[in-house]
Amino acid sequence: MSTTTERPAGPTSTATRTVVVIGHGMVGHRFVEALRSRDTDSTWNVVVLSEEADAAYDRVGLSSYVGAWDRSALALSGNSYAGDDLVEVRLGTRAEQIDREARVVTTSQGEVIAYDALVLATGSYPFVPPVPGHDSEGCYVYRTLDDLDGIRARAEAAIARAASEGREANGLVVGGGLLGLEAANALRLLGLTPHVVEFAPRLMPLQVDEGGGAVLKGLISNLGVQVHTGAGTSSIAAQDDGRLAVELSDGTALLTDLVVFSAGVRPSDAVARAAGLAVGERGGVTTDATCSTSDENVWAVGEVAAVEGRCYGLVAPGYTMAEVVADRLLGGEATFPGADLSTKLKLLGVDVASFGDAMAATPGALEIVHTDATKGTYAKVVVSDDARTLLGGILVGDASAYTTLKAYVGREVPGDPGALISPAGAELGADALPDDAVICSCNNVTKGSICGAIAEGACDLAAIKGCTSAGTTCGGCLPTVKKLLVDSGVELSKALCEHFEQSRAELFEIVASTGIRTFSGLLARYGAGTGCEICKPTVASILASTSSDHILDGEQAALQDSNDHFLANIQKNGTYSVVPRMPGGEVTAEQLITIGQVAQDFGLYVKVTGGQRIDLFGARVEQLPAIWQRLVDVGMESGQAYGKSLRTVKSCVGSTWCRFGVQDSVGMAVDLEHRYRGLRSPHKIKFGVSGCARECAEARGKDVGVIATDKGWNLYVCGNGGQTPAHAKLLASDLDDETLVRYIDRFLMFYVRTADRLQRTAPWLDALEGGLEHLKAVVCEDSLGIADDLEAAMGRHVEGYQDEWKAVLDDPEKLSRFVSFVNAPEEADPTIAFDESGPRKVPVLLGLPTVRENV
Amino acid sequence: MTTLITAAPVDDVAPTARAVIRPGVLPAPGAKQWVPACPVARLVPGRGVAVLLPRGRQAALFLLPNGMIYAVGNIDPYAGAGVISRGLTGDRAGEPTVASPLLKQVFSLRTGTALDDPEVALPTYAVRVQHGLVRLGVPHP
Ligand SMILES: Cc1cc2nc3c(=O)[nH]c(=O)nc-3n(C[C@H](O)[C@H](O)[C@H](O)COP(=O)(O)OP(=O)(O)OC[C@H]3O[C@@H](n4cnc5c(N)ncnc54)[C@H](O)[C@@H]3O)c2cc1C
Ligand code: SF4
Ligand code: FES
Chain R
1 MSTTTERPAG PTSTATRTVV VIGHGMVGHR FVEALRSRDT DSTWNVVVLS EEADAAYDRV
61 GLSSYVGAWD RSALALSGNS YAGDDLVEVR LGTRAEQIDR EARVVTTSQG EVIAYDALVL
121 ATGSYPFVPP VPGHDSEGCY VYRTLDDLDG IRARAEAAIA RAASEGREAN GLVVGGGLLG
181 LEAANALRLL GLTPHVVEFA PRLMPLQVDE GGGAVLKGLI SNLGVQVHTG AGTSSIAAQD
241 DGRLAVELSD GTALLTDLVV FSAGVRPSDA VARAAGLAVG ERGGVTTDAT CSTSDENVWA
301 VGEVAAVEGR CYGLVAPGYT MAEVVADRLL GGEATFPGAD LSTKLKLLGV DVASFGDAMA
361 ATPGALEIVH TDATKGTYAK VVVSDDARTL LGGILVGDAS AYTTLKAYVG REVPGDPGAL
421 ISPAGAELGA DALPDDAVIC SCNNVTKGSI CGAIAEGACD LAAIKGCTSA GTTCGGCLPT
481 VKKLLVDSGV ELSKALCEHF EQSRAELFEI VASTGIRTFS GLLARYGAGT GCEICKPTVA
541 SILASTSSDH ILDGEQAALQ DSNDHFLANI QKNGTYSVVP RMPGGEVTAE QLITIGQVAQ
601 DFGLYVKVTG GQRIDLFGAR VEQLPAIWQR LVDVGMESGQ AYGKSLRTVK SCVGSTWCRF
661 GVQDSVGMAV DLEHRYRGLR SPHKIKFGVS GCARECAEAR GKDVGVIATD KGWNLYVCGN
721 GGQTPAHAKL LASDLDDETL VRYIDRFLMF YVRTADRLQR TAPWLDALEG GLEHLKAVVC
781 EDSLGIADDL EAAMGRHVEG YQDEWKAVLD DPEKLSRFVS FVNAPEEADP TIAFDESGPR
841 KVPVLLGLPT VRENV
Chain Y
1 MTTLITAAPV DDVAPTARAV IRPGVLPAPG AKQWVPACPV ARLVPGRGVA VLLPRGRQAA
61 LFLLPNGMIY AVGNIDPYAG AGVISRGLTG DRAGEPTVAS PLLKQVFSLR TGTALDDPEV
121 ALPTYAVRVQ HGLVRLGVPH P
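Keeping their order, the protein sequence lines are chains R and Y.
Going by UniProt numbering, the first sequence opens with residue 1, and the numbers climb by one from there.
Going by UniProt numbering, the second sequence opens with residue 1, and the numbers climb by one from there.
Some hints here could point you the wrong way.
Some chain R residues close to chain Y (C-beta under 10 Å, calculated; not the full set) [stated by the list, open to error]:
| # | residue |
| --- | --- |
| 1 | Asp250 |
| 2 | Thr335 |
| 3 | Cys497 |
| 4 | Gln560 |
| 5 | Gln571 |
| 6 | Thr709 |
| 7 | Ser816 |
| 8 | Phe821 |
| 9 | Ile832 |
| 10 | Glu836 |
| 11 | Ser837 |
| 12 | Pro839 |
| 13 | Arg840 |
Partial selection, computed: residues in chain Y whose CB lies under 7 Å from chain R [said to hold, decoys possible]:
| # | residue |
| --- | --- |
| 14 | Cys38 |
| 15 | Pro39 |
| 16 | Pro54 |
| 17 | Gly56 |
| 18 | Met68 |
| 19 | Ile69 |
| 20 | Gly82 |
| 21 | Leu88 |
| 22 | Asp91 |
| 23 | Leu103 |
| 24 | Gln105 |
| 25 | Leu115 |
In silico DSSO-like pairs for lysine-lysine, Cα to Cα no more than 27 Å straight-line [as the list claims (entries may be wrong)]:
| # | chain 1 | residue 1 | chain 2 | residue 2 |
| --- | --- | --- | --- | --- |
| 26 | R | Lys406 | R | Lys375 |
| 27 | R | Lys465 | Y | Lys104 |
| 28 | R | Lys344 | R | Lys375 |
| 29 | R | Lys465 | R | Lys483 |
| 30 | R | Lys729 | Y | Lys104 |
| 31 | R | Lys684 | R | Lys607 |
| 32 | Y | Lys104 | R | Lys346 |
| 33 | R | Lys465 | R | Lys494 |
| 34 | Y | Lys104 | R | Lys494 |
| 35 | R | Lys806 | R | Lys684 |
| 36 | R | Lys607 | R | Lys572 |
| 37 | R | Lys684 | R | Lys776 |
| 38 | R | Lys776 | R | Lys729 |
| 39 | R | Lys806 | R | Lys776 |
| 40 | Y | Lys104 | R | Lys344 |
Everything labelled a hint here was simulated from the structure, so no lab data went into it.
Backbone N, C-alpha and C fix where the C-beta goes; we use that ideal spot for every residue, glycine too.
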């Protein structure tokens, strides 16, 4: 900085008059530059008072400070006026008072500076709504470099703490206008999950209309910004852990690490007001079209000026005002011509533009709208009542037409105004194109040859690329190719749900190869949104299949279906059924007695299942631990009847008792059940083991059926009962015990890895390319070379098995979740009732409540 | 924890506690009784708990991984059972949701409305966090 504060203010040798500029923002700086470049005779001496410690910087580009954290990169060029003796900038110096009589300004340093002309360029300050708690620690505004430093420090501390607490760090932006979205993006770049609360029913209410707002909300939400529109902020309360609890006016609440207010700006007109200058109704120093205030020696420029009663929140009109005042001080005649408030910007990578009469305020104005939900674009033009003159418009998602359209504002449109925004080129309905139209220009592939490939059975993009080479170079044609595929009726999506485009098998591969062990991690890298009841249990199952962590450990607890969460089967009235494991259908007398006593003590309904075990119905959540404690005490374990996992291994009595038996089917069944118990899979898995070809265990109706031969065992796979019964198919014959187990290991793991969500083994085999022959090759001949891998994975499962119930009983934290009401752990759910008057105990359901309580 | 659970419901205090940012921001006016639910720390992000309310009503209270806290009615209107708190949370095109664990109907956590059946809705309750304790706002009888 070349200027110093020591040099006394006042006329120097050449200059005869002094202009004092209050505020060294973008407009203040532009004024000084304009004046100095025009004042060729050096008649004015300039003193600038800057409250901020930094000389004028690029406030419009403030957000680019995030990441590089380099103040000098934002400095406006020439802001030190190096080598110009007529300009003196006093940084960190506030103008405190103006005495218009004496024509002096008093600074925060107590100096008194005389002026001939005074230019107010004090800009605006952020408006902070008077919400209770708005001044809590952790609340910020978004206007200066210092604000951003404060936000950064807070965010970094919050992220460190959140990581140690195993949660996300987040931030809330109050206000969903242009600046609010910029602030949200800054929070995102800092590593926080941003929330935006906007009182209006849409984002950027000043620039876009409802339709555009909806598209914008979709685009912004996809970037991980949580948008809450139509909600105000009711209160902010600091919590003991330093976080802030924010209550929203829609009744919801948010726990957040920091709050940024971006609820609009107000002109910084306090000093001017105190000096008795006229101010506008909504603030701002009133000026005429020459930017002259109610005092002829005082001028106002930039955001603080209410030119003919109107304030401008953009930098371009401010620059024009600066030029006007510079001209006037040198005796010129310039006036402020009004300003174009058109805006085009890229927010979080999303194009938004509005121009002219965007809101169709002109009487009789007509609106023409084009929305493309899949592409996430919205375009609107506003035309005069005769549909000939373009008045304005809004573009969201794709603003490439902005420049052209803006050029047409106020002019007559050639032809149909709707054509201005009709989607161009390839998007013009691919089916309308002739067969010889070139779709892929890189490789000169026509629509005809692509459609030909589809007709010959190419049913996905990869296949079309393979046989036509369309889309293999720049990829720009792929959307059109995809559209041709879709138009031809080909079902493309293997997507698990709206949050993951991948199939379950693909997610399994991703988990196995990347080692990602959390749902949030997987979602962040490979998915979108926050998940749902489809992808969460699927990922939970994959995580469980690939490790031996308890399914209720850490973040996994939140992914489990209600059944897995309470390790029991939910029944129609919200009670649970309890099924202890009885491998091979074996049970000791002592265990049977305990089951009976438990049923009696807790009033449970008892039924023997088709899988050779006992089901106890009607247990309330808070009874489950006590019931299981007694079962575990007599050596029983969870039967995983609630899980997508191995259910039972049904067996006949076999050679030990039966006169026909050729092998010990019970012994084998018990061994198999012990080996595979607890294995999580895409769907439930059932086994059967019969001691001879008479097949009393109905093993061929099971996913894995083992039938004794005089030489060993025949292995059948992929059968099931249920809605679409399927007989299991012979995979291998006359196996010895060890080979049998190895083949089953391979078969199960191959299924677990490659099946879709909720796909049982029979439909999985149907869908498997190459069918049974391929499966035989993989399992018996190791054609893919993955047998060792599959066996090792199963080995880890067997090694790591633990009884889920016993582990819960040993863990007070997990145990504490088994209550009906969090605020009344001793209370039973009063809505649960049973009817015991008939032949068997049955649940009684509530009448369905129809009244809606409005709170 | 016991002390928190037995903490008496507090009544809504005078207007100063909830200032209006801009006219019309506040939800349906009317004093509420603020029923203590549990400490925030007791909530597992992504899961719910059931809260017993005065007059035998029950609410399902959820903390989402992004920090949002919602409360809706706990009784599944399709099944007539108090199970909503045990459902899985998530979102549908950005709208926060919970799915009933019984027949998997999906409800908006914000408005309580069943997404595929706008005629059906769970009641919603206001949420407030003070000194780490979550309370639900229930209208005075
Ligand atoms: C994040 C962000 C993004 C933006 N994006 C855009 C955009 O894309 N397009 C656009 O056109 N506009 C944008 N703006 C608005 C634009 O920055 C302002 O319109 C412009 O900066 C106004 O310039 P100004 O000089 O009038 O006020 P300011 O830049 O606010 O400067 C005023 C200066 O005066 C100082 N001051 C105030 N009172 C005193 C006093 N008594 N004594 C001494 N000094 C004082 C202040 O500290 C401040 O440094 C954005 C603003 C922000 C914050
Ligand atoms: S399958 Fe054979 S061994 Fe088993 S019970 Fe029937 S007859 Fe006996
Ligand atoms: S246009 Fe098809 S790859 Fe470039």
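Against the structure, the hints:
1. Asp250: 6 Å, holds
2. Thr335: With a closest approach of 35 Å, the threonine 335(R) hint is violated.
3. Cys497: Holds. Min distance 9 Å.
4. Gln560: 8 Å, holds
5. Gln571: 9 Å, holds
6. Thr709: Cβ of threonine 709(R) sits 44 Å from chain Y, so the hint is violated.
7. Ser816: Where the cut-off is 10 Å and the nearest Cβ of chain Y is about 8 Å from serine 816(R), the hint holds.
8. Phe821: Constraint on phenylalanine 821(R) satisfied, holds at 4 Å.
9. Ile832: 8 Å, holds
10. Glu836: Violated. Min distance 18 Å.
11. Ser837: Where the cut-off is 10 Å and the nearest Cβ of chain Y is about 20 Å from serine 837(R), the hint is violated.
12. Pro839: Violated, about 23 Å.
13. Arg840: 19 Å, violated
14. Cys38: It holds, given that the least Cβ distance between cysteine 38(Y) and chain R is near 4 Å, below 7 Å.
15. Pro39: This interface hint is violated because 10 Å lies over the 7 Å limit.
16. Pro54: 11 Å, violated
17. Gly56: Glycine 56(Y) check passes; min Cβ-Cβ to chain R is 6 Å, inside 7 Å.
18. Met68: 5 Å, holds
19. Ile69: This hint holds: isoleucine 69(Y) lies near chain R, its Cβ roughly 4 Å from the closest one there, short of 7 Å.
20. Gly82: 5 Å, holds
21. Leu88: Holds. Min distance 4 Å.
22. Asp91: Since chain R brings a Cβ to about 5 Å from aspartate 91(Y), closer than 7 Å, the hint holds.
23. Leu103: 9 Å, violated
24. Gln105: 10 Å, violated
25. Leu115: Violated, about 11 Å.
26. Lys406(R) with Lys375(R): 23 Å, holds
27. Lys465(R) with Lys104(Y): 40 Å, violated
28. Lys344(R) with Lys375(R): Since the Cα atoms of lysine 344(R) and lysine 375(R) sit roughly 19 Å apart, the hinted pair holds (cutoff 27 Å).
29. Lys465(R) with Lys483(R): 14 Å, holds
30. Lys729(R) with Lys104(Y): With a Cα-Cα distance of about 34 Å, the restraint between lysine 729(R) and lysine 104(Y) is violated, given a limit of 27 Å.
31. Lys684(R) with Lys607(R): 20 Å, holds
32. Lys104(Y) with Lys346(R): Measuring from Cα to Cα gives roughly 40 Å; hence the hint is violated.
33. Lys465(R) with Lys494(R): 19 Å, holds
34. Lys104(Y) with Lys494(R): Holds, at roughly 21 Å.
35. Lys806(R) with Lys684(R): 22 Å, holds
36. Lys607(R) with Lys572(R): 16 Å, holds
37. Lys684(R) with Lys776(R): 22 Å, holds
38. Lys776(R) with Lys729(R): 11 Å, holds
39. Lys806(R) with Lys776(R): 38 Å, violated
40. Lys104(Y) with Lys344(R): Given pair lysine 104(Y), lysine 344(R) is violated - Cα atoms ~44 Å apart, limit 27 Å.
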